[in-house]
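Visitor: The lines below spell out each chain.
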Amino acid sequence: SQTIHQWPATLVQPVGSPLSLECTVEGTSNPNLYWYRQAAGRGLQLLFYSVGIGQISSEVPQNLSASRPQDRQFILSSKKLLLSDSGFYLCGSGVYEKLFFGSGTQLSVL
Amino acid sequence: KNEVEQSPQNLTAQEGEFITINCSYSVGISALHWLQQHPGGGIVSLFMLSSGKKKHGRLIATINIQEKHSSLHITASHPRDSAVYICAVYNTDKLIFGTGTRLQVFP
Numbered sequence: 017s018q019t020i021h022q023w024p025a026t027l028v029q030p031v032g033s034p035l036s037l038e039c040t041v042e043g044t045s046n047p048n049l050y051w052y053r054q055a056a057g058r059g060l061q062l063l064f065y066s067v068g069i070g071q072i073s074s075e076v077p078q079n080l081s082a083s084r085p086q087d088r089q090f091i092l093s094s095k096k097l098l099l100s101d102s103g104f105y106l107c108g109s110g111v112y113e114k115l116f117f118g119s120g121t122q123l124s125v126l
Numbered sequence: 152k153n154e155v156e157q158s159p160q161n162l163t164a165q166e167g168e169f170i171t172i173n174c175s176y177s178v179g180i181s182a183l184h185w186l187q188q189h190p191g192g193g194i195v196s197l198f199m200l201s202s203g204k205k206k207h208g209r210l211i212a213t214i215n216i217q218e219k220h221s222s223l224h225i226t227a228s229h230p231r232d233s234a235v236y237i238c239a240v241y242n243t244d245k246l247i248f249g250t251g252t253r254l255q256v257f258p
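Residue numbers (the numbering used here), protein chains in the order written: chain A, 17 to 126; chain B, 152 to 258.
One thing to keep in mind: the hints can contain errors.
To be verified - Calculated lysine-lysine pairs in the DSBU-like style (CA-CA distance at most 35 Å, straight line):
1. K114/A x K219/B
2. K245/B x K205/B
3. K245/B x K95/A
4. K206/B x K114/A
5. K206/B x K245/B
6. K114/A x K245/B
Stated by the list, open to error - Far from chain A, by Cβ distances over 10 Å, these chain B residues were calculated:
7. L162
8. T171
9. N173
10. H184
11. S196
12. G208
13. R209
14. I211
15. T213
16. A234
17. D244
18. T250
19. Q255
20. F257
21. P258
Worth flagging that the hints you see were computed from the coordinates, not collected in a lab. Using N, Cα and C, we set each Cβ at its ideal position, and we do this for glycine too.
Working from the sequences, and respecting the hints, build out all of it.
Guide: What follows is the structure in structure tokens.
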């Protein structure tokens with residue numbers, strides 16, 4: 017069975033600071049990987065998805081970027097955080113039938 | 152317009168009631184998932200559907216591919232069913248989420 021490790025669980029960062037959220041997957045190889053964001057009171061918004069190492073598709077133009085340096089590692093980054101980057105960030109993995117999610121990171125930009 | 156729409160957005164029920172949550176989508180899909188998000192944010196997958204109907208305990212999920220519509224039913228609802236229920240569709244390699252339905256079941 018797959019397990020997704022996502023950290024940290026909560027993060028408070030000042031505006032203008034950099035961001036790096038990491039997600040690692042165990043129990044599978046070559047998974048599709050996803051980064052989602054959920055603003056307060058809103059639904060999940062797809063930010064990036066990856067079907068393989070170095071392959072990143074961006075869904076929403078924004079202040080964030082993603083990288084997949086290894087098969088089971090997915091990183092979400094920002095050089096300078098904005099207030100609007102606050103929200104709940106969720107890493108997901110899935111191959112058609114099975115979907116797995118990390119426990120999420122609550123990011124507050126102040 | 153969202154590619155995946157859910158209704159209702161919010162739902163309250165008394166314990167024991169029959170619950171129906173609807174999902175409509177406008178894109179081609181290879182599969183549809185029903186997910187449950189708990190107050191802490193964690194998400195678990197309830198069902199994956201590509202056709203027909205699936206049942207797991209008190210939960211039943213159906214999909215009509217021609218009408219691009221799916222429903223999630225909860226029989227004999229219980230306060231522990233209180234959560235956000237999310238419909239998500241696989242469109243090529245992308246998983247697209249609906250906006251979610253917040254369900255509260257009162258004793």
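Visitor: Can you give the numbers of the hints that this structure goes against, from lowest to highest?
Guide: Violated hints (numbers, rising): 10, 11, 17, 18; every other hint is consistent with the structure.
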